[in-house]
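There are 2 protein chains.
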Amino acid sequence: MSKQNEFERLRVVLVNTRNPLNIGAAARAMSNFGFLHLRVVNPFELAFREARSAVGAAPLLARAGEFKSVAEAVADCSLVVGTTALSRRNPRHHVRRIEEAARVIRKRLASGRVALLFGSEKRGLSNEDLSHCHWLLRIPTREVHRSMNLGQAVAVCLYELARDWKSAPQPEKYLHASAADLERLTSLMLDALRASGYLKTPPSAGAKVQSAAPPDEKIRRLVRRLNLSAKDAELFLGILRQILWKLRS
Amino acid sequence: MSKQNEFERLRVVLVNTRNPLNIGAAARAMSNFGFLHLRVVNPFELAFREARSAVGAAPLLARAGEFKSVAEAVADCSLVVGTTALSRRNPRHHVRRIEEAARVIRKRLASGRVALLFGSEKRGLSNEDLSHCHWLLRIPTREVHRSMNLGQAVAVCLYELARDWKSAPQPEKYLHASAADLERLTSLMLDALRASGYLKTPPSAGAKVQSAAPPDEKIRRLVRRLNLSAKDAELFLGILRQILWKLRS
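Each protein sequence line maps, in turn, to chains A and B.
Letter by letter, the first sequence follows residues 569 to 817 in our numbering.
Letter by letter, the second sequence follows residues 569 to 817 in our numbering.
Because the hints were derived from the structure by calculation, they are not lab data.
Check before you lean on any hint, since a few could be wrong.
[Stated by the list, open to error] To give a feel for the contact side, a few chain B residues facing chain A, derived at Cβ under 10 angstroms: (1) Ser-599; (2) Gly-633; (3) Lys-636; (4) Ala-639; (5) Glu-640; (6) Ala-643; (7) Ala-678; (8) Ala-730; (9) Ser-764; (10) Ala-798.
[As the list claims (entries may be wrong)] Here are a few chain B residues that face chain A, going by a calculated C-beta distance under 10 angstroms: (11) His-605; (12) Ala-622; (13) Ala-626; (14) Ala-630; (15) Phe-635; (16) Ser-637; (17) Arg-681; (18) Thr-709; (19) Val-712; (20) Pro-782; (21) Leu-812.
Virtual Cβ for every residue (Gly too), placed ideally from N, Cα, C.
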């Protein structure tokens, strides 16, 4: 597998980006390091238009995909990685340092698509955004000044990804479940948990008044932690459908 | 020698920078990675004033040294390294790839000051500027799009310098589920699959006459593949108990 093919499989996903300069800077770093597929989720409309029309904007920006939700933007990816400036270990997610993260991502790119998510300038990725991620990547910045500029964070991540390609490991034989499959599984599981009485609340807006993480996010994260193969995801889908049918009959 | 002392000895030198946003971005990356000594040579006066007064500007900017010439800015350094986007080997200078360059710079920082020079946004470092350098550092960008944004180039260089300082990654805190938990989970799952009709055969010796792998083994392997933490195993046990109770009621 050539490096080109592997770089082709990365999707850089900018979520709720507000500043056109940052979208432009992210695109420039992508072009510098050879990752050409940008996706934007719910960008500030004007920012995206400005970035696209900026002088010297990469053709990459013109081709960028625009999505309404994280779920849609990552649906065809088998690994979804969020970036974070958090110092403490996130209690809900496994956090990898960038060097280790890059190794795992490179390995996965040998066989499937990977989405790398960057949150908004002010608040980073929301808990809902994070619930779509298999795990998080952290750049080891100083404790007293953790938060990086968005364009610089993208540059450092892509640099690290491109860095050691010569020593890239063998491709995995394991075919991983796509984000779309995992989202179907999450949804069936929530149905089964509600039908069984394990979850009391209906899947309505009312759930959002709870102070703890909403059950949807909790189950979404649980499903991502399982690291399912495409085959096992299919197996689980079948199991849950049968259980659900029985619970309802 | 502590990392602090070594980081203290680096001087990031911006030569003829024009855009205040780039000075600010360079300062931010320096603060992120813990290199706190900035020097500017002949900046566009207004740009430097704007950068200094920007919201959230690092104290680092307030303390930045201002110089009239490269010679003055690097006078107290024992190694002067220029950065370049040039693809071809510069005939006048030895060019090192960033990884090797970082190793040499780190070594030197153990005993003396090192200056790392970045040129203007448009033209990079002039031949005159370069003549003050011992050698050049190159970030391996794509041939078709070599030139990096100044703030991003600074971020990548400082990241690479800080990168291996503590080479050992953090140990995992992840507590894995015990085999006993996994076996309980397997057993509950088989019960649920039978109660739901997903599996037809009872858990009797009769199952063993089948030629394919017995369902017990199939499900046991499936559960092991999940690589569950102790906490998630507990969560799944609770879910399965509830589903089973509902299926049987």
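Violations among the numbered hints
Those not satisfied are hints 2, 3, 4, 5, 6, 7, 10, 11, 12, 14, 15, 16, 17 and 20.
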